[in-house]
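Residue numbering for the sequence shown is 7 to 333, as defined by this note's numbering.
No lab work stands behind these hints, which were simulated from the structure alone. Careful, some of the hints might be misleading.
Under the rule of at most 16 Å between Cα atoms (straight-line distance), these lysine to aspartate or glutamate pairs were calculated in the EDC-like manner [said to hold, decoys possible]:
no. : residue 1 : residue 2
1   : LYS146    : GLU217
2   : LYS65     : GLU165
3   : LYS144    : GLU190
4   : LYS77     : ASP67
5   : LYS146    : ASP67
6   : LYS43     : ASP32
7   : LYS43     : ASP225
8   : LYS144    : ASP67
9   : LYS43     : GLU190
Just so you know, these numbers come straight off a predicted model, no measurement behind them.
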Amino acid sequence: MNRIIFLDIAKAICIILVVVGHYMPDNSPMWYVMLNKVIYTFHMPLFMFVSGYVYIATKKDISYGSFLMKKVKRLMIPYFTTSVIVITIKLLTQDFMLVEHPVTLLSFFEILYLPVAGYFLWFIWALWWMFVILPFFKTKTSRDVLFLVSVLLHFIPLEVTSLFCLEQFRGMLVYFMFGIFAFENRWLYYFIVNFKWSKLVCAVLLFISMEVIYFLNMDENINIVLPFIGIWFIIEASKSISKRWGEVNKNSWLMLVSASSYIIYLFHTTFEGITKAMLHRIPFNSGLWYVFVFESITVVLMGVIIPMILHRWVLKKYKITRILFGL
7 MNRIIFLDIA KAICIILVVV GHYMPDNSPM WYVMLNKVIY TFHMPLFMFV SGYVYIATKK
67 DISYGSFLMK KVKRLMIPYF TTSVIVITIK LLTQDFMLVE HPVTLLSFFE ILYLPVAGYF
127 LWFIWALWWM FVILPFFKTK TSRDVLFLVS VLLHFIPLEV TSLFCLEQFR GMLVYFMFGI
187 FAFENRWLYY FIVNFKWSKL VCAVLLFISM EVIYFLNMDE NINIVLPFIG IWFIIEASKS
247 ISKRWGEVNK NSWLMLVSAS SYIIYLFHTT FEGITKAMLH RIPFNSGLWY VFVFESITVV
307 LMGVIIPMIL HRWVLKKYKI TRILFGL
């Protein structure tokens, strides 16, 4: 199946938002705090939606064992590889550099059931469990039922253990299943894939207005729909970019970011942390807005660009690194 270009663009936008969202210094000005809060209303649900949509759009008729082994290679081996690397770096540097969320030698064991190397790694555990259960739902009807179950799991206040990130799995399954539902139901499928400028304008206006209303009133009823509005907004924006560029060149910067999105996700906090620690050694007055903007842009760029370089010119080059990082 041909690549779904607008979803590649959406994935690139989303990973950039993830990197921005994970840089939150203590002296952040109010405008940046609000930007961070807006990003957190929808960015991970968007990732899950795209994952579910691509899963069902590219689904192949292979055995459960073969499918699961592919996901072990793609998700769990990179998870453990990255966890060991990040914990090792933290242990070697946390005594003389600023390290958020310090670790101990016990952390090497704890990664077997918790994302102690970096909380953001919960995403891999949650996605793993989704791929574990989805092959058992072989028909569209059964997947529609699972979508309804995922809605109940999301909104009913259940106490679920955080071990193996089962709590995050419970909360995020609805967005993964929404991606599947959107692909398999004709009316929603055509709504998603067809582009109209009027839809983009509506999505932008609805996104901005609902975000403003939510943060002015902190209405939890609005918070329920914000992830879905955010998904629609980014999808429409991505389609407009795809339409404007025509056949998007695979070497365009957004497509390069998209191609490296998994490695960016695995390592962005590491390179953000290293960059932040280095900047702290320079006598800047980060209380000044223009210094803060410079530091923020630098940290975010390093969180995106260095993993991209690592992916393209190191990890893809050698067989052992391709195995270790699911490439």
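Hints and how they fare:
1. Distance check on the hinted pair: LYS146 and GLU217 sit about 33 Å apart at the alpha-carbon level, beyond 16 Å; violated.
2. Restraint check: the Cα-Cα separation between LYS65 and GLU165 comes to about 32 Å, which exceeds 16 Å; the hinted pair is violated.
3. In summary, the hint linking LYS144 to GLU190 is supported, as the alpha carbons are separated by about 13 Å, within the 16 Å threshold.
4. For the proposed pair LYS77 and ASP67, the alpha carbon gap of about 15 Å is at most 16 Å, so the pair holds.
5. Between LYS146 and ASP67 the CA atoms are separated by roughly 15 Å; this keeps the pair inside 16 Å, and the hint holds.
6. Taken as a hint, the LYS43 and ASP32 pair is honoured in the structure, with Cα atoms around 14 Å apart against an allowance of 16 Å.
7. About 14 Å separates the Cα atoms of LYS43 and ASP225, which keeps this hinted pair within 16 Å; it holds.
8. Between LYS144 and ASP67 the alpha-carbon distance is near 10 Å, which keeps this suggested pair within the 16 Å criterion.
9. Annotation: proposed proximity of LYS43 to GLU190 is violated, straight-line Cα distance about 32 Å (limit 16 Å).
Consistency with the previously given hints fails for numbers 1, 2 and 9, ordered from lowest to highest.
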